[in-house]
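Single-letter residue listing:
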Amino acid sequence: MVKEVVLPTPLSNEDVAELRVGDLVYVNGLIFTMRDLAHIRLSQRYAKGEQLPEDFTGAVIFHAGPVVEKQQDNWLISVIGPTTSMRMEPFSDFVLGKLAVRCIVGKGGMGRKTQEALSKYCAAYLLSPPGCAVIQAKAMQKVLRVHWLDLGVPEALWVIEAKNWGPLTVAMDANGNNLFEKVRNNALNRINNLYG
Amino acid sequence: MNKYESILTNAITKMATELPPDVYSALEKACEEETKEVANNLLKTIIQSIKISSKEKLPICQDTGLISVYISGKYVKDYLLIKEGLERAISKLTESGVLRPTIVSPIKREPVIGNVGMSEPEVYLDFEGENSIKLMMRGAGAENYSTLKMLLPSTNPHEISKIILEQVLEADGRICPPSIVGVAIGGSPISAILSSRTALFSKIGERSKVNEVAEWELKLLRAINSLNIGSMGLGGVYTVLDVKIRLLGTHIAMLPLAITFGCWALRRIQIKKVGNIDEIVW
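In order, the protein sequences belong to chains A and B. If you count the first sequence from 1, position 53 lands on 52 in numbering that gives the first Met the number 0, and the numbers rise without skipping. If you count the second sequence from 1, position 154 lands on 153 in numbering that gives the first Met the number 0, and the numbers rise without skipping.
Accuracy of the hints is not assured; some may be wrong.
Sample of chain B residues with no beta-carbon within 10 Å of chain A, all distances over it, derived [said to hold, decoys possible]: (1) 20; (2) 41; (3) 60; (4) 62; (5) 63; (6) 82; (7) 99; (8) 103; (9) 122; (10) 128; (11) 153; (12) 160; (13) 174; (14) 175; (15) 200; (16) 263.
Below, in silico cross-link-like pairs of lysine-lysine (PhoX-like), each with a Cα-Cα straight-line distance of 20 Å or less [said to hold, decoys possible]: (17) B:28 - A:137; (18) B:56 - A:69; (19) B:73 - A:137.
Reference listing, derived: stretches of chain B covered by chain A, where coverage requires no fewer than 3 residues with Cβ under 8 Å from a Cβ of chain A [claimed, not checked]: (20) 68 to 81; (21) 248 to 261.
Derived from the structure by calculation, the hints contain no laboratory data. Just so you know, these numbers come straight off a predicted model, no measurement behind them. We put the beta carbon where it would ideally sit given N, CA and C, even for glycine.
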């Protein structure tokens with residue numbers, strides 16, 4: 000039986016501790032997009048002790064770069080979807096430990112470093128439907144702010160009000176469970192059986 | 000006005016917002032047949048998302064990627080005109096929000112304004128091919144797992160198959176499966192990669208004209224789908240929609256193997272002469 004969970008942001012540790020792989024999550028509230036360059040800039044500023052543009056405590060971050068339209072003073076997100084999360088693997092300890100982000104949303108799963116950090120800091124990794132960019136844009140109600148547009152539109156840090164964003168599948172949880180691992184191990188065995 | 004700008008604008012818009020009918024049908028079939036719940040749910044969302052994109056004229060995927068263009072036959076003589084029209088079309092479509100400003104400089108990672116500049120878009124010429132301008136949109140999810148391996152010439156087909164399967168597993172759910180796999184064996188490093196990519200222009204289900212190769216394609220298709228990676232990387236019977244293999248003459252001391260993945264949102268289109276008129280066809 001699949002469990003469906005509605006989560007308001009910012010998340011509490013209790014919310015995240017109860018999530019189990021396979022659960023379907025719907026997110027309400029403020030979320031941040033963050034990809035390669037935003038991770039680099041945030042970690043550099045943090046290391047220098049500079050002030051960060053947002054408070055990420057309990058945050059949900061989305062590995063994504065939107066297509067946006069500017070309408071007068073407002074930004075409109077026309078399409079948005081996940082990018083490959085594995086590229087952000089080197090930053091998992093910083094994002095979960097130092098920034099206290101509680102959910103990472105992206106595509107394709109992450110590695111061992113992230114799995115360890117998820118358990119250590121009580122956080123979860125969620126999968127968003129890859130490529131389904133118009134459907135997800137409909138859940139992005141409003142762009143509240145954007146930082147660092149000098150990095151380019153996709154790489155900037157977008158602060159968005161999300162409404163009923165989901166279903167997002169919990170693929171890695173705070174208890175060390177990982178949906179990808181079993182699938183990968185079985186596939187590897189199958190290759191060795193076929194072509195060993 | 001450049002005579003190619005308007006048709007290229009229309010072709011790129013169509014490519015970004017609609018899926019080729021053969022790819023769409025293959026996804027529908029996968030959705031009907033997928034037994035794993037999580038994969039089936041994703042396929043349903045994919046179908047729904049494609050329908051909305053095409054209706055609202057919005058990109059199917061936010062990653063509108065690198066645009067590559069293959070000019071062949073009689074169109075080659077118009078190369079400069081086509082290139083100029085292409086650059087204007089891409090630049091304007093980026094401004095109007097049909098294309099994401101995706102291109103950056105490689106080291107400083109600074110935006111290349113309008114997605115035009117620093118050798119982008121990529122244009123390839125083929126004087127001898129059929130009269131067409133083919134276009135493909137290459138998203139980074141799939142492109143990052145495309146690869147070239149210079150194998151030992153003694154590597155046998157069994158071993159080559161294994162390497163291909165290992166690469167599919169390496170790519171996993173990150174290339175937005177169900178994907179389409181283009182494989183080129185032989186040639187040079189350049190021709191192998193190019194051929195593994197242009198193989199993706201061949202329609203889903205279209206088999207190699209060489210019987211032996213066609214059989215190998217089907218065998219690989221079945222083997223990959225038996226890995227149970229699935230449309231999200233969380234299990235499922237559809238990991239790939241099709242496999243294309245191209246064989247190229249190569250050096251006695253070489254055996255290049257190139258693999259190019261197409262994500263489920265395989266965005267490709269072409270312009271062809273119908274009578275005297277340029278038309279957009281799938």
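Cross-check of the supplied hints:
| no. | hint | verdict |
| --- | --- | --- |
| 1 | 20 | holds (18 Å) |
| 2 | 41 | violated (6 Å) |
| 3 | 60 | violated (4 Å) |
| 4 | 62 | violated (7 Å) |
| 5 | 63 | violated (7 Å) |
| 6 | 82 | holds (24 Å) |
| 7 | 99 | violated (5 Å) |
| 8 | 103 | violated (6 Å) |
| 9 | 122 | holds (23 Å) |
| 10 | 128 | holds (30 Å) |
| 11 | 153 | holds (16 Å) |
| 12 | 160 | violated (6 Å) |
| 13 | 174 | violated (8 Å) |
| 14 | 175 | violated (4 Å) |
| 15 | 200 | holds (20 Å) |
| 16 | 263 | violated (6 Å) |
| 17 | B:28 - A:137 | violated (26 Å) |
| 18 | B:56 - A:69 | holds (17 Å) |
| 19 | B:73 - A:137 | violated (44 Å) |
| 20 | 68 to 81 | violated (count 0) |
| 21 | 248 to 261 | violated (count 0) |
Hints 2, 3, 4, 5, 7, 8, 12, 13, 14, 16, 17, 19, 20, 21, counting from the list given before, are not met by this structure.
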